[in-house]
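Number of protein chains: 2
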Amino acid sequence: MSRWEPNARGRLEQAALDLYSERGFEQTTVAEIAKRAGLTERTYFRHFADKREVLFGGTGPLHDLLMNTVAAVPESTAPIAVVTVALDAVAAVFQGRHAHSRKRQAVIVANPELRERELIKMAAWSAALADALRRRGVADPAASLAAEAGIAVFKVAYERWVGEAEDRGLARLVRESFDELKAVTVGE
Amino acid sequence: MSRWEPNARGRLEQAALDLYSERGFEQTTVAEIAKRAGLTERTYFRHFADKREVLFGGTGPLHDLLMNTVAAVPESTAPIAVVTVALDAVAAVFQGRHAHSRKRQAVIVANPELRERELIKMAAWSAALADALRRRGVADPAASLAAEAGIAVFKVAYERWVGEAEDRGLARLVRESFDELKAVTVGE
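Chains A and B are the protein sequences, given in the same order.
Residue 1 is where the first sequence starts when you use UniProt numbering, and the numbers rise one by one after that.
Residue 1 is where the second sequence starts when you use UniProt numbering, and the numbers rise one by one after that.
Don't take each hint at face value.
Chain copies aren't distinguished; within one or between two, either way the pair holds.
Below 27 Å or equal to it, Euclidean Cα-Cα: the simulated DSS-like pairs (lysine-lysine) are [stated by the list, open to error]:
1. 35 to 51
2. 51 to 121
3. 121 to 182
4. 51 to 103
5. 51 to 182
6. 103 to 35
Bear in mind the hints are in silico, worked out from the structure with no lab data behind them.
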């Protein structure tokens, strides 16, 4: 980031989200986002490849967090417990971001292209999580299933969290959804 | 389907799969697919919107099968058992299609755009399955979680099935993966 553009990335993300909320995703141009953020289009493209990526820019660090957490869990931990710890770490990042996340979700849900991008992000998390489990010596299909189940739980919990006006805490909803998955899979 | 083009749809699907396997997805044109099938481009576009859809043309009927099966299961059945029955019905359709499915999977895996389309198809199945469960009176998040878990199981089982040279039967792998999911979620 250049010295004369403090927090350009964050400003562009906020400007984009505001404009997408006000006018819709399709109706907003990169020039307008840059202008709203008090920056140039050139600066925009230094940070984001296109109009979509500004909504998904934070997911690379989350991906790394997921991986680093898995690597840090003690060897003997059961696969599903590893996944739980990793998702807890990701959920913690969303603390204090309920209003922002709800606004972002409204933009995503309104646009098929963005919904697809969100799905692909989740699938990438699942694949990475399964890889990380395999690297810990978890065999397949247990590694794939633990990862898929974990991401399914996160997805359901996240959608509940952003769907509710009151912020009940993403971490709590992830734990609740995990318990619910256990109950569901044993056929209760 | 016109009378003078018997099984045009099936012939186009087979021609496309053969050409995508031989030359790659990007290197094949609709004109070439139509020619290989002994049909015209116009006929192609009467059946499929684009080059991708010819690989996913069978998924609409599968979606309906999934829904109809769910509707036919007795009222008192537990959500996860409903999902199991529905996936059994879908798996049955793949009987005798192991070689074909392996060929299709090789084409899909080689192309990011096709991988995304496959993900989106699975997500649509999951959403439809959750909806069908809700219509049976299953509350959320149980409906979403049972559907997500079921589709995750199917996905893992399908990838194992097409990943193995020997055809062990998709239905059997789906059941094995379900058992494995139960073991994984309780932390065994």
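Structure-based check of each hint:
For the identical chains of this complex, residue 35 and residue 51 are intra-copy neighbours only, at 14 Å inside a copy versus 39 Å across copies, given an alpha-carbon limit of 27 Å. For the identical chains of this complex, residue 51 and residue 121 are neighbours both inside a copy (16 Å) and across copies (24 Å), given an alpha-carbon limit of 27 Å. Taking CA atoms no more than 27 Å apart as the test, residue 121 paired with residue 182 passes in both settings, with 25 Å inside one copy and 26 Å between copies. When the C-alpha separation of residue 51 and residue 103 is checked against a cutoff of 27 Å, the pair qualifies only within one copy, where the shortest distance is 17 Å, while the shortest distance between copies is 36 Å.
Taking the shortest alpha-carbon separations for residue 51 and residue 182, neither the intra-copy value of 39 Å nor the inter-copy value of 41 Å comes in at or below 27 Å. In this assembly of identical chains, the alpha carbons of residue 103 and residue 35 lie at most 27 Å apart only when taken from the same copy (21 Å versus 50 Å across copies).
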